[in-house]
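A.B. asks: Below are the chains, spelled out letter by letter.
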Amino acid sequence: MNLPSIGQIPSDVVAAWIFTIIVGIVLLVWLTKLKKWPVVFEYMRTTHHRKIGTMYILFAIIFFFRAGMDAMLIRTQLAVPKNDFWVFQGDKYNEVFTTHGTIMIFFVAMPLLIGLMNVAVPLQIGANDLAFPYLNAISFWFFLAGGLIFNMSFFMNSAPNAGWTAYAPLSTDTYTPGPNINYYILGLQVSGLGTIFTAINMIVTVIRLRAPGLKLSKMPLFPWSTLVTSSLILVAFPVLTIALVLLMFDRFYGTSFFTGEIGSPVYWQHLFWIFGHPEVYILILPAFGVFSDVISNFSRKKVYGYTSMVIALALIGLLGFMVWAHHMFTVGMGPLANSVFAITTMLIAIPTGVKVFNWLFTMRGGVIRMKTPMLFALGFIPTFVMGGVTGVMLAVAAADYQYHDSYFVVAHFHYTMVGGTILGAFAGIYYWYPKMTGKVLDDKLGRWHFWLFLIGFHLTFLPQHFAGLNGMPRRVYTYTWADNVFIFNAISTVGAYLMGISMLFVIWNLYKTHRYGKKADGDPWDGRTLDWSVASPAPEHPFNPMPKVKRMDEFWYRKVNNKGLEYADDPRPSPISVETYQPIILAGVMIALSIAFIYLWVWLQVILGAGVLSFLVIRSLTDERRQAYREEERS
Amino acid sequence: MNQSVSRELFGDKRLGFYIYLGVEAVMFATLFATYIIFTPPSKGVTPTEAFDLRSVIMASVFLLPSSATLLIAEKGLKDGSRVKVWIGLITTFVLGAVFLGLEVHEFYKYAVHEGYTISMNNFMASFYTLVGLHASHVAFGLCWMVLLMLQLKRNLPSALFNEKQKIFNYYWHFVDFIWVMIIIFVYSPYVF
Amino acid sequence: MKKLLPLLTLILLSGCSLRTLNPVSNSAEKITDLIYLSFAIMMLVLAVVFILFALFIRKYKERPETSDKIPKEKKENKLLEVTWTVIPIILIAILAVPTVKATYDITSTISGPDDGVSKEAVVVKVKAEQFRWEFTYENGKQTMDELVLPKDQKVTLRLSSNDVIHSFWVPRLAGKMDVRPNKENRLSFVPQVTGTFQGKCAEFCGAGHANMRFETKVVTQEKFEDWLASE
Chain D
8 MNLPSIGQIP SDVVAAWIFT IIVGIVLLVW LTKLKKWPVV FEYMRTTHHR
58 KIGTMYILFA IIFFFRAGMD AMLIRTQLAV PKNDFWVFQG DKYNEVFTTH
108 GTIMIFFVAM PLLIGLMNVA VPLQIGANDL AFPYLNAISF WFFLAGGLIF
158 NMSFFMNSAP NAGWTAYAPL STDTYTPGPN INYYILGLQV SGLGTIFTAI
208 NMIVTVIRLR APGLKLSKMP LFPWSTLVTS SLILVAFPVL TIALVLLMFD
258 RFYGTSFFTG EIGSPVYWQH LFWIFGHPEV YILILPAFGV FSDVISNFSR
308 KKVYGYTSMV IALALIGLLG FMVWAHHMFT VGMGPLANSV FAITTMLIAI
358 PTGVKVFNWL FTMRGGVIRM KTPMLFALGF IPTFVMGGVT GVMLAVAAAD
408 YQYHDSYFVV AHFHYTMVGG TILGAFAGIY YWYPKMTGKV LDDKLGRWHF
458 WLFLIGFHLT FLPQHFAGLN GMPRRVYTYT WADNVFIFNA ISTVGAYLMG
508 ISMLFVIWNL YKTHRYGKKA DGDPWDGRTL DWSVASPAPE HPFNPMPKVK
558 RMDEFWYRKV NNKGLEYADD PRPSPISVET YQPIILAGVM IALSIAFIYL
608 WVWLQVILGA GVLSFLVIRS LTDERRQAYR EEERS
Chain S
17 MNQSVSRELF GDKRLGFYIY LGVEAVMFAT LFATYIIFTP PSKGVTPTEA
67 FDLRSVIMAS VFLLPSSATL LIAEKGLKDG SRVKVWIGLI TTFVLGAVFL
117 GLEVHEFYKY AVHEGYTISM NNFMASFYTL VGLHASHVAF GLCWMVLLML
167 QLKRNLPSAL FNEKQKIFNY YWHFVDFIWV MIIIFVYSPY VF
Chain A
3 MKKLLPLLTL ILLSGCSLRT LNPVSNSAEK ITDLIYLSFA IMMLVLAVVF
53 ILFALFIRKY KERPETSDKI PKEKKENKLL EVTWTVIPII LIAILAVPTV
103 KATYDITSTI SGPDDGVSKE AVVVKVKAEQ FRWEFTYENG KQTMDELVLP
153 KDQKVTLRLS SNDVIHSFWV PRLAGKMDVR PNKENRLSFV PQVTGTFQGK
203 CAEFCGAGHA NMRFETKVVT QEKFEDWLAS E
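Residue numbers (the numbering used here), protein chains in the order written: chain D, 8 to 642; chain S, 17 to 208; chain A, 3 to 233.
Where hints are given, some of them may not hold.
Quick look at which bits of chain S chain D covers, simulated, 3 or more residues with Cβ under 8 Å [unchecked claim]:
no.: 1; segment: 22-33
no.: 2; segment: 36-44
no.: 3; segment: 113-123
no.: 4; segment: 139-148
no.: 5; segment: 163-172
no.: 6; segment: 175-189
Stretch by stretch, here's where chain A covers chain D in the computed footprint (C-beta under 8 Å, at least three residues) [unchecked claim]:
no.: 7; segment: 330-343
no.: 8; segment: 353-364
no.: 9; segment: 372-380
no.: 10; segment: 383-390
no.: 11; segment: 396-405
Just so you know, the hints here were simulated from the structure itself, not pulled from any lab data.
All of these numbers come straight from a predicted model, not from anything done at the bench.
C-beta atoms are modelled at their ideal positions from N, C-alpha and C, and glycine is treated no differently.
In isolation and in its complexed conformation, chain D is listed as follows:
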């Protein structure tokens, strides 16, 4: 069973190469055989929000399987004490948990949510597309480019190995020479750029492109959460960009911001968490939005306490910027700073609690229909509350001296991130799948997926609380019998495999739905919001004519009273969509440029940098508005 390395290269990398090449060939043959290439090319040059959203979700799921493999390897290595599984000890194990964390956060959770926003937000607010369709394509291809850069590292046998937090000075070139961390920096930088562009796009769309009469105070909660999330991105991501630039200077150009006698390692932690803490709210708020809409829809009731829901969203977003140092209680900031950050952190529990009770009371008095999206929403409530209460326990600064960096923390953030974000993304995918593809995913297989995933999840992460309390630090590749954490880890590993198996039901479901599923109509869930008033899958110009909105859930109340929607006479002009290969080619150049940086090939950096800039010129000269404005001038 033990095949440490083949020549210079570890056998897991060889296995990954072989596996990827085989899958690649199969995919090429399959696409050719089914004559699907025109569809591929269509998606490569599209700027349409639904298609881009679908691609976001598709690649996020692929990355989910990739990082899920990491999780399986981690759990296998930790299944029994003193284990020696395959090659995953020491630095190899460090690489695995680093890529697991980074991919799950940046290339799974983010794109899943952004993908759902892309699909649903314009449809929910009556916009024909996002405000900047071209920029949206750029965002998507930058995300994918970032993901590819980051994943390339593993195939070059130099995966990042300093944790997803990349704490300095471990992440500086003194302690981690080689290209590993460079992949991390460039991968996050490129995809981060895409995320910033998306946030701008979403804010302008929500603020300026709503249907006539749809005031902000009548907007569904998913677009609301999109608005708040995007604002958080605008403040958090630029800080990450600069932090990564500074780290890059430390690694490439001989500065010592975070290392050495004159540098400050703790400054990295501050910058990272000023980004990192808002980031976790960036990940959870859209999920809250999905749950609000799903719970209201499947209880056949309008959402309870709408105003307090919106206020709570905004408050969570605001407080999210004042709590970053609770990740640093043990760093030695002194009791005053620790106490202040402890209290601000506890305060977040209040708006979150308001939301939980509002969800519960939305269900009260309704008719709760147990469809797959609703199951995920129902699974979310108790799971997330468990993650929430351990969050408050962690906020107790003095007690955090014990929890900090132990498996207790690992359990906590998986309860919030998987129990919140991932369940939310699954709910959203099952819910809006008809709007993306025109088919409803199979309910029975969806149930299998849900129950196996949820049971597997609790089996995996509940015992980890106890492992942490018994003194198991995170990010260790082994433990001893004397540590007395075997039983917790063994259960955890069983649970992880159960979660892995549950994901196979997703593949089966996709296959079955597309092979045998019937075409869905526009409103398969008996919906309330505008997205259900258009056909499935959503057409390119869905709101033509443009509906007029007078109150919340207009579509639902008109449906109940057997009336059709009213239409506006003179709606504002829609954004201009184009078909162009520019974004994907630009992303390709970005990948090449990043590689030039990772391996410090200066001349290539200059040439490719000029290449990237020349795209701006091309873009300016081929502006699609020229045609539209010319027509306007003539009329």
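Fit chains S and A to the given chain D structure using the hints.
C.D. replies: Here is chains S and A on its own, set in the frame of chain D:
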């Protein structure tokens, strides 16, 4: 004549660009924070030794008025006078280019003549990253102006050229504003 | 479910002996009390949510006779909304006061070179580096990966690192304290029970992080003096 297409679409673009400038502002703010945290340094050259008042004033003399000369171009747009647009763009370009030359000279003087390299201490390191990022914004702005002049020679719909010119104006004013911040936070505590 | 029962008992049994919940020093004891307090308050919240959740699902689940029903919309109940805003605020206030107190009690406020170390305390310099611990006592005695401490006497550790950030953790004796390069952190506590306790590096520090462990032996004061004087 119905102007709603260009008006609404420009409104979208303007809001988007304002937000983008907000993003840039956060990036600069982070670099300002870095500079303030690491300055004055515990070893190596101090800002009082490194900076000289003359070069700061020289650079400012060229960059700050360029925001004013750009107003000529803006006025030209309003009046529909292409000549004014040309005058405004060209003077702004010249002023910006001279500023950039002075910046490059200042960096060259520090790094090569005086030997204050980027790895000397974190004061120099954060100075080079912050002021360097600003200088690269000026350089980017110069290229952008060349492109604008090119667009002005092409026969674009007037609404489209106005849009492009206005977006550039916001950018250039922002870059000027950052320079004022640099004078206040980077230079002034140490040169006066 | 019957098969799960022995397993559950096993977990509960090992739960009772969890290291952080069996403190053997004054400061670890304070932390344990806080853990129990916050756990109790949080279980209360959890219970309320779980009960409402189960209740509502049972009562309002779709049934054949309600499958076509369109429920009536009711106005929000202001009193309820105020209740679930105010009660959490009260609970958090109850938790915040002891939190701040304990944080001040067990966090060292001093990190200067020599000041503030009381004369009675045993002072040990702790140097961490990839991937080992070096302990230096006041008389110059040095040990590697083994820390010996006297019972019932205040101990002050002066922690610093030679390379990357590490974290000093003996779960039964004290909470973590990060060990940083170029900066000294302090950690003080009074061990109350003799015995051997495991210590670990709790901040990820590179390839050998998992094996960067040490043993802490708490012995009686006489034994400690003897040990300190011996070669």
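A.B. asks: So, for every hint listed, does it hold in this structure?
C.D. replies: Going through the hints against the structure:
1. 22-33: Since 8 is at least three, the answer is holds.
2. 36-44: holds (count 6)
3. 113-123: The restraint on the segment 113-123 of chain S is violated, since only 0 of its residues have a Cβ under 8 Å from chain D and three are required.
4. 139-148: Holds, because 3 residues of the segment 139-148 of chain S bring their Cβ atoms closer than 8 Å to Cβ atoms of chain D.
5. 163-172: holds (count 3)
6. 175-189: Since three or more residues must qualify, the claim that chain D covers the segment 175-189 of chain S holds, with 4 doing so at under 8 Å.
7. 330-343: holds (count 5)
8. 353-364: holds (count 8)
9. 372-380: n = 6 at 8 Å, threshold three: holds.
10. 383-390: holds (count 3)
11. 396-405: holds (count 8)
When the structure is compared with the earlier hints, a violation turns up for hint 3 alone.
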